[in-house]
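Undergrad: Start from the sequences and build out the full structure, keeping to the hints where you can.
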Amino acid sequence: MSSVKHGLGASAVPRWLHPLAWWAWALGLAVVVSRTTNPLLIGLVVAVAGWVVARRRPDAPWARSYAVFLKLGLVVIAIRVAFTVVLGSGFGSTVLVTLPSLPLPGWAAGVSLGGPVTAEELLLAVYQGMVLAALLACVGAANSLASPARLLASVPAALYEVGVAVVVAMTFAPQLVQDVGRVRTARRLRGRPDTGLKALAGSVMPVLEGALERAVDLAAAMDSRGYGRVGPMSTALRRTSGGLLLLGMLGICAGVYALVDSGTPGGIALPLLATGVAAATVGVLLSGRRSIRTRYRPDPWALPEWIVAGTGVLAAAVAIAVSATDPAALVGQVSPPAWPQLPLLPAAAVLLAALPGVVAPLPPGMMSTRGTAPAAGRRAPEEVAA
Amino acid sequence: MIRFDDVTVTYDGAAAPVLSHVDLHVPEGELVLVVGRTGSGKSTLLRCVNGLVPHFTGGTLRGRVTVAGRDTRTHPPRELADVVGVVPQDPLSGFVTDLVEDELAYGMESIGLAPDVMRRRVEETLDLLGLADLRHRPLLSLSGGQRQRVAIGAVLTTHPQVLVLDEPTSALDPGAAEEVLAALQRLVHDLGVTVLLAEHRLERVVQYADRVVVVPGAGEPLVVGTPAEVMAHAPVAPPVVELGRLAGWSPLPLSVRDARRAAGPLRERLEPLAHDAALRARSSMHVVDGEPAVVVEDAVVRHGGVVALRGATVAADRGEIVAVMGRNGAGKSTLLGSLVGLHTPSSGSATVCGVPASGLRGRDLVSRVGLVPQEPTDLLVADRVADELASADRDAGAAPGSSRTILDSLAPGIHDDIHPRDLSEGQRLALALAVVLASDPPVLLLDEPTRGLDYAAKKRLVATLRRLAEQGRCVVLATHDVELAAEVATRVVVLADGEVVADGPATEVVVGSPMFAPQVSKVLAPQPWLTVAEVAAALAAS
Chain A
1 MSSVKHGLGA
11 SAVPRWLHPL
21 AWWAWALGLA
31 VVVSRTTNPL
41 LIGLVVAVAG
51 WVVARRRPDA
61 PWARSYAVFL
71 KLGLVVIAIR
81 VAFTVVLGSG
91 FGSTVLVTLP
101 SLPLPGWAAG
111 VSLGGPVTAE
121 ELLLAVYQGM
131 VLAALLACVG
141 AANSLASPAR
151 LLASVPAALY
161 EVGVAVVVAM
171 TFAPQLVQDV
181 GRVRTARRLR
191 GRPDTGLKAL
201 AGSVMPVLEG
211 ALERAVDLAA
221 AMDSRGYGRV
231 GPMSTALRRT
241 SGGLLLLGML
251 GICAGVYALV
261 DSGTPGGIAL
271 PLLATGVAAA
281 TVGVLLSGRR
291 SIRTRYRPDP
301 WALPEWIVAG
311 TGVLAAAVAI
321 AVSATDPAAL
331 VGQVSPPAWP
341 QLPLLPAAAV
351 LLAALPGVVA
361 PLPPGMMSTR
371 GTAPAAGRRA
381 PEEVAA
Chain B
1 MIRFDDVTVT
11 YDGAAAPVLS
21 HVDLHVPEGE
31 LVLVVGRTGS
41 GKSTLLRCVN
51 GLVPHFTGGT
61 LRGRVTVAGR
71 DTRTHPPREL
81 ADVVGVVPQD
91 PLSGFVTDLV
101 EDELAYGMES
111 IGLAPDVMRR
121 RVEETLDLLG
131 LADLRHRPLL
141 SLSGGQRQRV
151 AIGAVLTTHP
161 QVLVLDEPTS
171 ALDPGAAEEV
181 LAALQRLVHD
191 LGVTVLLAEH
201 RLERVVQYAD
211 RVVVVPGAGE
221 PLVVGTPAEV
231 MAHAPVAPPV
241 VELGRLAGWS
251 PLPLSVRDAR
261 RAAGPLRERL
271 EPLAHDAALR
281 ARSSMHVVDG
291 EPAVVVEDAV
301 VRHGGVVALR
311 GATVAADRGE
321 IVAVMGRNGA
331 GKSTLLGSLV
341 GLHTPSSGSA
351 TVCGVPASGL
361 RGRDLVSRVG
371 LVPQEPTDLL
381 VADRVADELA
391 SADRDAGAAP
401 GSSRTILDSL
411 APGIHDDIHP
421 RDLSEGQRLA
431 LALAVVLASD
441 PPVLLLDEPT
451 RGLDYAAKKR
461 LVATLRRLAE
471 QGRCVVLATH
481 DVELAAEVAT
491 RVVVLADGEV
501 VADGPATEVV
511 VGSPMFAPQV
521 SKVLAPQPWL
531 TVAEVAAALA
541 AS
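Residue numbers (our numbering), protein chains in the order written: chain A, 1 to 386; chain B, 1 to 542.
Think of the hints as simulated: they come from the structure by calculation, not from any bench.
Cβ atoms here follow ideal geometry from the backbone N, Cα and C, with glycine treated the same way.
Since no wrong hints were added, every one of them can be taken at face value.
To be clear about the criterion: a stretch of chain B counts as covered by chain A if any three or more of its residues have a C-beta under 8 Å from a C-beta of chain A, and this derived list gives those stretches:
| hint | region |
| --- | --- |
| 1 | 73 to 79 |
| 2 | 136 to 142 |
| 3 | 152 to 160 |
| 4 | 353 to 363 |
| 5 | 374 to 382 |
Straight-line distance between alpha carbons at most 25 Å, and here's what the computed SDA-like set of lysine to any residue pairs gives:
| hint | chain 1 | residue 1 | chain 2 | residue 2 |
| --- | --- | --- | --- | --- |
| 6 | A | Lys71 | A | Pro61 |
| 7 | A | Lys198 | B | Asp383 |
| 8 | A | Lys198 | B | Arg421 |
| 9 | A | Lys71 | B | Val306 |
| 10 | A | Lys198 | B | Gly359 |
TA: Right under this line is the structure:
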């Protein structure tokens, strides 16, 4: 493993970073967010994730979803605040404005419409909305940094076919959006309304028909290209793996039931569950041996992957540790409203998670040293435009 | 290499077999062209080769199909993936991954080749098809020709001995089609791959074929022969062949090059007639005076960050047929879209009959302008032809039965109870046209109308368009089909990168253009002839 090939930063050979590394990093940041309501820390996480995305995002269709996740986050905050204003919680004393309140019938006791809006509840709503928005931003970052197809390509052989199904489903979503656009266009060309409920109802069938046709085409193409070819497998091995899978599933079901049902003796649930999981895992691995698939240029797990995943895990670990020892530092104070303080240790850990923006190799096709992101890659094909 | 022994295919629920008693033998290294009308069983024949029929589609196959010694009876498609590569009609529908390089490797991963073999073959294939610059590109960002080449490359990496392609160039502009055909040519000549190819656009491919298989449909026996043999008796043939028949050349030329070498005497005979003929052919235009029906002025249209039209100016009068040409992505569809208000110019204007198109909705829109999109099926929503026509009458506020009358004049004999999806491409186009014409719009726009049409259907379309123009309609069509443009257009507008680069009578714009000249014009250049009909009329008159 030469140092140049799997080296660090923009000078390294451009390659795809292992998708699991990006996900570990992003989920680490998400853990930090889930442990805090401190707006400064949340803001820092979003800023760090955004900076890394800006530095290492490839020029590919899946990478363009980041902005959508951010917008979705803003919508979440807006909804959370709107609910607080309308429904109220009666918490806090600093009344900002009093809305006309609506008396509700007796069965809706405990819910009030309108009434006083306090600074405390508003602040709390904003902070809680920010947590959700930041979680979305983290998922969006991982989603745009790591290709979903590459992520699923790294699942074990036995689960591979499931992975393909998921990838296909994911490519279908954007195509479905395109289809909806096409059908709406056609409605308009025929002089029918292209917006509103009726138009939506009218476009369901054509869109589904189109999706079904494409699914059949794709299935034919995959079949022709050798999808699902299997190697020989001895009967004994097949029976063993099948039996293990069945046993494992039964064990998992029983274990979960025992966990939920309070009447079952407590000691039995966890061992049952663990045995079930173990049996199922062995079954999956065994049946995976039947697959003859090989992998083309699997993504290596080298130093950059360790660093990227490590910074995420470290940030999460620090946040968990701090929340156990000094929970107050991570809480955004709302009652009485106060300017939040940035907790130093978690903030430092989050800042460290910006390191991937420097150490991760550039994705192929994006040479920042020459400053030429392939503009042609952004050219929309005419079909899309039409 | 491929052998059909007395093959009869009947789909479930069908009354008659699609193919009956087919015997065909394709030896190694041949490029065989399969022609036939839509619905004649051409695609069924192709899909038999790798066992998709009947393993995937269902139905019954009697007889035996063997490929490289493997019987498709015992080998389902996935077990034939290493001997037969199938490239679907729409390459995008067959892509499984999202990057060029991964797509090339997918087939090899499935059959379990060793990593170093895969690596080597991917590089070889990238070179073979000229894809090296695109290796890291997402598939969705590729142009039509590039996608088609990636789709071919993706099946080539498993080193199949047989390649099966279903209309590989029908959606491509002339340049991209050349790209794909050159790649195929190389495979046949250098690697000895056996190629089975279905295509409607004979003028593009017939010169490369070693043999032609005609699938007449309705269970009739196949006609197999060398291209010259088959073309000599074909009811419809590419213009270069028709010109050869007219001039009585023997052997019959199949390529522009052959025809040009034989055309010396004909050019001499036509020389004194050329001037008059060009004038006469174009004087049959029925331009209606008055304000132009369609005006696009200095329009700029953006899709996101992409500028699709950058200051294009085009106008068209009633009675004119204007062909808008240019490579894929040049802005043709956007230009048409801006005329029905699908895209609003961020500067400049697009007006139909004096009204800005962007504000038009509902009946205001359909009574002024009608657009038949690239996929005519998009316009069709009902389950039966009769329902479709009735709803078209309602949308247009026309008397019941008026669109039926129009349909019967365009394509007689389409039954009320058929599902629009079961119609042939030509009939479907006619139905979409009837739907659009129900509200009698003075402006008719067509986006790539000849896609998937065979020669007979194309001839009917030409006649239809001429008649519509004579009725005083303004017809604008966006097309890659140079022969269609030569046949009907009174004016040709060439777009490149969102700008108008040429605008003038077809004879001036098209003659001498290497990309947009029709075959007759290439053969008889520098004389301004565009179609065989023109030449025939001039010869008859002299």
